[in-house]
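Colleague: Chain by chain, the residues run as shown.
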Amino acid sequence: MKTFVLAGLLASTLAFADEVVTQKDKAFAPGDITVKAGQRVTFVNDDTVAHNVFSKDAKFNLKIQPPGDKQSVSFDAPGTYEVRCAIHPKMTLKVKVVAP
Amino acid sequence: MNPRVSFLCCCVSIAAAAAPPVESQAREFAAQYQRPAKGLAPDAPERVALGRQLFFDPRLSASGIVSCATCHNPALSWGDGLPRAVGHSMKTLGRRSPTVLNAGWGGPFMWDGRFETLEEQAMGPITSPAEMNMAAGDVLARLSAVEGYRQAFEKNFPGEGVTAKGLASAIAAFERTIVSPPAPFDRWVQGDAAALSDAAKRGFVVFNTKAACSKCHSGWRFTDDSFHDIGVKDADRGRGALKDFEGIEALDHAFKTPTLRDADRRAPFLHDGSEATLEAIVDFYDVGGRARRPSVSSDVQKLSLTAQEKKDLVAFLKTLSSPADAVVPALPR
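Going down the list, the protein sequences come from chains D and H. So for the first sequence, the numbering used here puts the first residue at 1038; every next one is plus one. So for the second sequence, the numbering used here puts the first residue at 77; every next one is plus one.
It is possible that some hints are incorrect.
Dumping the calculated DSBU-like pairs for lysine-lysine here, alpha-carbon to alpha-carbon at most 30 Å [said to hold, decoys possible]:
no. : chain 1 : residue 1 : chain 2 : residue 2
1   : H       : K114      : D       : K1063
2   : H       : K319      : D       : K1061
3   : H       : K291      : H       : K309
4   : D       : K1127     : H       : K319
5   : D       : K1061     : H       : K241
6   : D       : K1127     : H       : K378
7   : H       : K386      : D       : K1096
8   : H       : K291      : D       : K1093
9   : H       : K114      : D       : K1127
10  : D       : K1063     : H       : K394
11  : H       : K167      : D       : K1063
12  : H       : K386      : D       : K1107
13  : D       : K1063     : H       : K291
14  : D       : K1107     : H       : K286
15  : D       : K1100     : H       : K378
16  : H       : K394      : D       : K1100
17  : H       : K387      : D       : K1127
18  : D       : K1127     : H       : K291
19  : D       : K1131     : H       : K241
20  : H       : K286      : D       : K1127
21  : D       : K1073     : D       : K1131
22  : D       : K1127     : H       : K309
23  : D       : K1133     : H       : K319
24  : H       : K319      : D       : K1093
25  : H       : K286      : D       : K1063
26  : H       : K286      : D       : K1061
27  : H       : K114      : D       : K1093
28  : H       : K378      : D       : K1063
29  : H       : K319      : D       : K1063
30  : H       : K319      : D       : K1107
31  : D       : K1131     : H       : K394
32  : D       : K1100     : H       : K319
If you are wondering where the hints come from, they were derived from the structure by calculation, not from laboratory data.
Given the sequences, and given the hints that come with them, work out the whole structure.
Modeller: Now the structure itself:
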């Protein structure tokens, strides 16, 4: 049973590798992504200042990310979500979540 | 070569390698402060002219004595020079009037950023009971009673009459023309090494390195339009009080990073006007702000600047001022 669960997790990880979004020069890159429902997005702060990624639509707040920090969040329901940096409002990311 | 001369040359060359001239040190940071080659897409001149009249017209307030220019006075670098703005019935408001300089490139607007566009912002103070205290319907009725305004609105917005949308659009169009004329700093960025003193150049290096002011006061406007709790000791929760940002600790007591253009003409400083001079604001940052609480930005740290570095920073900040060039319009009666 344990083996089955692990195999399932591995399969799911392989099928849906994390989508990586960087934060550099006070901008998300890329600024527009499409992921499958259940897939995780990893936000990496490659900047020299702190960021605070959040989404009202997707209802998450990654709180303060100092330079070098990585945080992940999974998008479970299909739809289109706006993700922003609370500190730098010009930083916006569109996440389109499609059925797996 | 005389061995003594050779020894001296060697010493000079080592000294030069150890400490490059301040001009070349400062020049390393110049490119990121270049003014945009092109301005904003121009609005129709007739719309700008109408917006200019509306901006200076006190009839937009319930009392008939407060115009946009009361708090955003071109003679005071489009601010009012007061610690905190004065609104309807001469009541002192909670925050200082920000300058309108270069607002066309900025946003969101107000200290807490509650308006996304200049158009939204334009209507905010007019209809705020604490500021100009005019119901939208009342201001439109008052403007409609003035033939010159009826004609100007018809010319700009044919068939629409005097509307809130037109009013906001015209004021925003005018505000987009409020741009800092070139300052000594801009002439230096363009290559005129003599436009800044050595003290100002040293201050510019400190601004970009040890003091790290450039983390937020970046680009030619000297702001990235970000929001931080910088440690001002007051109860104002700033952006954190807006419903959209409930639960985001970083926005508690957070206010918009103001431009530094014309800074030495716009004292006092901070959202509550609590720091009276450029020297005082440098001291404020030198100790890492005055309030200690979880929301204070990790980008605000104790700096431990030397007395000379503080003087140099102030010398640099003074090079960001440029002469006012406002034209005050005649108003339709």
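Colleague: Please go over all the hints and tell whether each is borne out by the structure.
Modeller: Here is what the structure says about each hint:
| no. | hint | verdict |
| --- | --- | --- |
| 1 | H:K114 <-> D:K1063 | holds (22 Å) |
| 2 | H:K319 <-> D:K1061 | holds (28 Å) |
| 3 | H:K291 <-> H:K309 | holds (22 Å) |
| 4 | D:K1127 <-> H:K319 | holds (19 Å) |
| 5 | D:K1061 <-> H:K241 | violated (37 Å) |
| 6 | D:K1127 <-> H:K378 | holds (27 Å) |
| 7 | H:K386 <-> D:K1096 | violated (44 Å) |
| 8 | H:K291 <-> D:K1093 | holds (26 Å) |
| 9 | H:K114 <-> D:K1127 | holds (21 Å) |
| 10 | D:K1063 <-> H:K394 | holds (27 Å) |
| 11 | H:K167 <-> D:K1063 | violated (39 Å) |
| 12 | H:K386 <-> D:K1107 | violated (36 Å) |
| 13 | D:K1063 <-> H:K291 | holds (10 Å) |
| 14 | D:K1107 <-> H:K286 | holds (26 Å) |
| 15 | D:K1100 <-> H:K378 | holds (23 Å) |
| 16 | H:K394 <-> D:K1100 | violated (36 Å) |
| 17 | H:K387 <-> D:K1127 | violated (33 Å) |
| 18 | D:K1127 <-> H:K291 | holds (15 Å) |
| 19 | D:K1131 <-> H:K241 | holds (29 Å) |
| 20 | H:K286 <-> D:K1127 | holds (26 Å) |
| 21 | D:K1073 <-> D:K1131 | holds (14 Å) |
| 22 | D:K1127 <-> H:K309 | holds (27 Å) |
| 23 | D:K1133 <-> H:K319 | holds (25 Å) |
| 24 | H:K319 <-> D:K1093 | holds (11 Å) |
| 25 | H:K286 <-> D:K1063 | holds (20 Å) |
| 26 | H:K286 <-> D:K1061 | holds (21 Å) |
| 27 | H:K114 <-> D:K1093 | violated (35 Å) |
| 28 | H:K378 <-> D:K1063 | holds (23 Å) |
| 29 | H:K319 <-> D:K1063 | holds (24 Å) |
| 30 | H:K319 <-> D:K1107 | holds (27 Å) |
| 31 | D:K1131 <-> H:K394 | violated (41 Å) |
| 32 | D:K1100 <-> H:K319 | holds (17 Å) |
The structure shown violates the earlier hints numbered 5, 7, 11, 12, 16, 17, 27 and 31.
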